[in-house]
Amino acid sequence: MAAEAAGSGGGSPASARRRLRIISGHLRGSPRAAGQEALSPSPCKAQGGSAGPAAGSIPKKRQEILKWNGWGYNDSKFIFNKKGQAEFTGKRYRLGGMVLPTFKEWIEKTFGASLEHKTTSRASLNVNDVPPPIVNEEFLQDLRATKISYSQDAEDRVFRAHGHCLHEIFVLREGMFKRIPDVVVWPVCHEDVVKIVELACKHNLCIIPFGGGTSVSSALECPEEEKRTIVSLDTSQMNRILWIDEKNLTACVEAGIIGQDLEKQLSESGFCTGHEPDSMEFSSLGGWVATRASGMKKNIYGNIEDLVIHIKMVTPRGIVEKNCQVPRMSTGPDIHHFIMGSEGTLGVVTEVTIKIRPLPEYQKYGSVVFPNFERGVACLREVAKQRCAPASIRLVDNAQFQFGHALKPQVASIFTSFLDGLKKFYITKFKGFDPNILCVATLLFEGDREKVLQHEKQVYDIATKFGGLAAGEDNGQRGYMLTFVIAYLRDLGLDYYVIGESFETSVPWDRVLDLCRNVKERIVRECKEKGVQFAPFSTCRVTQTYDAGACVYFYFAFNYRGISDPIHVYEEIERAAREEILANGGSLSHHHGVGKLRKRWMKESISDVGLGMLRSVKEYVDPNNIFGNKNLL
Amino acid sequence: ETFAVGNVFSNCSIKELTSKKRDEFEDILEERRLSSDLRYAMKCYTPVIYKGLSPCKPNAIKSVVLQSEQVQYVIKQLAKEMGESPDIIQEEAMEILDEMGHSMQLGTVRFFAFTLSKIFKQLFQRVCVNEEGMQRLQRAIQEHPVVLLPSHRSYVDFLMLSYLLYTYDLALPVIAAGIDFLGMKIVGELLRRAGAFFMRRSFGGNRLYWAVFAEYVKTMLRNGYAPIEFFLEGTRSRTAKTLTPKFGLLSIVMEPFFKREVFDTYLVPISISYERILEESLYAYELLGVPKPKESTSGLLKARRILSDNFGTIHIYVGQPVSLRTLASGRINLCPYNLVPRHLPQKPTEDIQEFVSDVAYKMELLQIENMVLSPWVLVAAVLLQNLPAIDFELLIEKTVWLKGLTQTFGGFIEWPDNLCAKKAVMSGLTLHSNIARLVDGHVVLNDKGIEDGAVGEIVFKRALVILMCSTYRNQLLNVFVRPSLVALALQMTRSFRKEEVYSSFSFLRDIFSDEFIFFPGISLKDFEEGCFLLTKCDAIQTTQQEIYPTDKGSVVVSFLSAMFRPFVEGYQLIFRYLSKETKEAFTEKQFVPGVRNFVFQLLEKGATQCYEALSSDMQKNALAALVQLGAVKKKKIVHRKHTKCCCKSPAMSLC
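Taken in order, these protein sequences are the chains called H and X.
Under our numbering, think of the first position of the first sequence as 342, with each following residue one higher.
Under our numbering, think of the first position of the second sequence as 41, with each following residue one higher.
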């Protein structure tokens, strides 16, 4: 996503705006003029049933523009063209339409995969496989009376039965979920949600809130043993900005809005939230709150818990909210912290007041090459110590650096390729960096032009002390682009017997290196023990820096030819990797959340009493387990 | 009673006992006898190294240690407490490091390679090594930091091991050696340059020393600088019986893994067995209370006359590297390590202490399992049960019988395929002519010159030879201990009820817990193993409730109990001494000479034949067991260690 700001113009003051414009470019078709309408704090009743929501980038029928069995937009994917070269389709991303000449070789070398060995997904959803809905007719009658839009269509239901864990995608390609939502409802405002929750309590139903559907913690999976009607409460139609308060720099927004729409609409008024999780094209504000999300530029703007001023949540017990919109208060434990990270177990977040900032004047990418990962981590630590981290600073290990290289598009001119060669010569021969050991940090600066340049110098000076060499804006930019595009790669891998996933943790500074090394090693070992024929791709990057530690992100993929139950093997290895993380002093999760995937470690993570505290909140707020997605606890 | 069994820890399962597969041996001296030692010493030496090694000179290690957060933290702490300048303490730390640190040099290694070749060829007939073990070790060294854990019977152990690794082009180990070696002029420094680092014998109270020492060892381990070698037994076993393990160094080398500073650590048990131990007579004197000569260079030079003697064959069995990670999996709660900065000194939790102890015992049991037993060991065992003399033919017959029994019990006997029993026994007698000899078709102890002299002198000389001889029998004991204690229990109990036999067994196992090596806390499993082995050789039959000896089994049962009788009788004497001869309280220092005199007098009077009770090793073990059982209490009294004694029942029931 960060791909969009044009390479040559990365330093231009207009780049920030351009970046946002390109985010909006992801929109399909021309957006309806929604601004004015959305900016009025009118209650939704006034708009009537049909005129409700603002036009979002993702339609109600998500499958119209999103893949039903993979990541992202239908028109954007990696393919091998007729010449056998890799290519990324579509026009949404900077990489779109480009040929990636070295990518095929990289895949073959890294995974031992071959283009001749292909698996294919089912072409479309087989409606006959879909479990029949468990319908409560009385509930449907009541629901119709509210005029809230709903659907029992198989495609709609299946689409909301999963997130994007590997096993979920695998099921979509080759099987069917045992349990899926029975009804999908689309409230358009807070009041609609209140009505739905009341009905659910009245008829004893199970509600599973659905935002952007980008969960990677099995949070959206329906509990198989759930006998009640499962209602998928899709918040996507609650997507208006209710008001903007320029004096206090806050905006009140409906929780269903997705990241790209939020930024696009705020930018029209000259503002942004600056909250950019990697999933921001699809994930929703309510989802961020429910999972304690973290954004790429948190160094300037903060994580979701720093951004949120006020939350309104509908629970079976009633509505929970504060009585004022203040920066801080001392009124006992912060109730927001029961809500943030509650993962849909307590209620539905309907409206959020969030901090906003004027759009930055200037944006600049950058990158630094380090002789090895150790030096790179030491540099990031120093940057954090001096509290001068740019909007984003990330350090990728050597494997990921090479991976990034494999995604380099065909160069346009002989001159560029000559320059690339020269750069490579300078770094490897003249400076003596080993291309199989060196690693790269990518940087993103944001703010006043002058301050950015000053800041840039400060960071590069520190990097020099750790043996770092400035490696240009282009490399930095490509690094960020990868983040958005990498999610599409898994679908390509799945076609060629390669499965993979990412996972993350946070860890104190002094343990970063040990944790990275041990987790990667553990993955390699587990693969070997479980009979994986070819050494796995196991790589990491440090993606966030804090005063006391860092967030580390792992990618892990392997070629599963010759293994009868690849998903099971995959899950066992991921589990082992998580055990390893915990043994190395890492956290259960930095921002993906717990869901059902990581529940088994909750007790160990927060102690018996801690778990009991959370349970008692759940018992009070939702005694009948209406919000029965079984996440977290 | 039920026990959680089946973890990776408890001894090998009963099934494995019988189907142990062991590697073949190669004689490394053979090559040395054929080609030039000089060329061998000057050969191109490019050992395989740990994949994560960051190369580093010995002196650089020292400064890394000195600058480490761990050491700096303790320095600051002490400075604050004592009101001293940190610089002074830092200086002190530097001195400790200089005293401790090795300074391995290839030149010295080559010097040793040359001289040791000459010496070893002179002393030993063969030095046999399992090559597969060396290959496994080579792979292990590349993968993870390696800790070598050899058995310790002789000073030859660590020289031989380094020599071996040099021969096989493996990274030379750094070796934890006692500080006493530094007392030897030149030799101490030579050892230092060959990779020895030196630790003080006791430094429990000295926090600075502990911090520096621990960090020094851990730094070498983390860097993968070289395999680290130390002796779990802490000192040379004077009795050839494995000593109970010491935990200090082991817990130090395990810590980097607990703190996840390394991915894994390999522990490699190594069994070094001597057909004839270089120090055999020295040990016997020491056990009898004639003090060990201080390590000195002149002493070493005097000892060179042994060069003209023949010490037979050495067998070195390099065991399967054991992954610490595998051992720890599912057992260790790492939370305590996650909640405290890793550089702070931290007392290990009970969990961890128990784990360290289990690992130590496990490693010693693995050493025992692969100890090679020579025919002479069997001869010694038979001979000691047939004093003063045994018919030569009968000795051969019984030796062959014992060979079968030993193999049934899983003992690892090296008996050359085509060697007839007579020749094997003869060759043992020849090699050990200082202990036993053949006179008129009878084999007797070699106690020449005993007849004349005062009674006391006769007893002393006889004790010397018996203790030397028992050193060889002792090599069998840890293989035999489980079935033998069942046999003893059967005799003690005079009942066939399983429960009662087990309770006697359990009691014996507790009493002898310092004498023999038992994995902690699996008494029932040991009992079952003992019963299984006895059943296997048709010595007993078991039903659901009962155990009884078979008719033809009585030979085995009485042999086994006779084998352990010196211990039973010895402990009885020691207990008798404690209950009758001591006051309410006594010091540890008084104890050993006290028992020795007591037993000595009994021997002079002919009131006992238990010469082995003179062994200070047995005396100390017995006392330690009594302390553990709570029959004796240990109290520290200011300035002096005091042991208070209260002689109470259960222990006394043996009398």
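Treat the hints with caution; some may be incorrect.
[Stated by the list, open to error] In silico DSSO-like links for lysine-lysine, alpha-carbon gap of 30 Å or less: (1) H:LYS770 / X:LYS342; (2) X:LYS91 / H:LYS765; (3) X:LYS660 / H:LYS726; (4) X:LYS501 / X:LYS387; (5) X:LYS387 / H:LYS944; (6) H:LYS798 / H:LYS459; (7) X:LYS501 / H:LYS869; (8) X:LYS116 / H:LYS806; (9) X:LYS501 / H:LYS450.
If you are wondering where the hints come from, they were derived from the structure by calculation, not from laboratory data.
For each hint, the structure was consulted:
1. H:LYS770 / X:LYS342: violated (61 Å)
2. X:LYS91 / H:LYS765: holds (27 Å)
3. X:LYS660 / H:LYS726: Violated, at about 57 Å.
4. X:LYS501 / X:LYS387: Violated, at roughly 48 Å.
5. X:LYS387 / H:LYS944: holds (25 Å)
6. H:LYS798 / H:LYS459: Roughly 49 Å separates the two Cα atoms, so the pair is violated.
7. X:LYS501 / H:LYS869: violated (62 Å)
8. X:LYS116 / H:LYS806: holds (28 Å)
9. X:LYS501 / H:LYS450: Status violated; Cα separation ~75 Å.
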